[in-house]
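K.L.:
Sequence:
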Amino acid sequence: FLLNLFYQGDIDLLVGFQNDIPVKDDVIYDELFCVPLCCAFSSTHPCAVKKEMNEQDLLSENLITCNSYAIPAKAAELQDRIARYLPPESIYFCDSFPASLALVRAGYGYSILPGGRYKSDQICYVPLKASEPLSYGIFYRKGSQNPLLKKFVAIAKNSVQESLKSRK
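So the sequence shown is residues 100 to 267, counted in the working numbering.
Misleading hints may appear alongside valid ones.
Claimed, not checked - Simulated pairs of lysine-lysine, DSS-like, Cα-Cα distance not exceeding 30 Å:
| # | residue 1 | residue 2 |
| --- | --- | --- |
| 1 | Lys173 | Lys241 |
| 2 | Lys123 | Lys250 |
| 3 | Lys123 | Lys241 |
Think of the hints as simulated: they come from the structure by calculation, not from any bench.
In this text the structure is predicted, and so the values were computed from the model without any measurement.
All chains should be modelled from the sequences, with the hints used to inform the complete structure.
P.N.:
In structure tokens:
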């Protein structure tokens, strides 16, 4: 719905993952930051203390999948690929993103998500080995006549950079 409004010119910008929004000729994408693709585990799960995971490690764990717009396409693709190698009793399907997070917190299994995007003391994010970081940013039209658009983009980029600096 929002994507249609954006392409029709009813809204001036979208914020999201670069690979999730098809870029047309008149659209500019400005990256704000990159985030690793991770396995989200309950903080009590034995894998929560690992520094990184590989796909092979995940084949012995329960997978929680969610077909939601809140899940980046790269995460959904990886979930689908792993699910092909798991028995049906090792996969929990959710209709909503909050339900999948509830199952992760409860310790039913893991989900593949962008690292740290959904902060919680009850969820740990373990980066996936050999996965490309996801680019997150702002999409807007080249010829936008909105005078506040460029100012907003500059403020957003500056704010993210300041936030990243303060974490170091």
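K.L.:
Tell me the numbers of any earlier hints that the structure contravenes, in ascending order.
P.N.:
none
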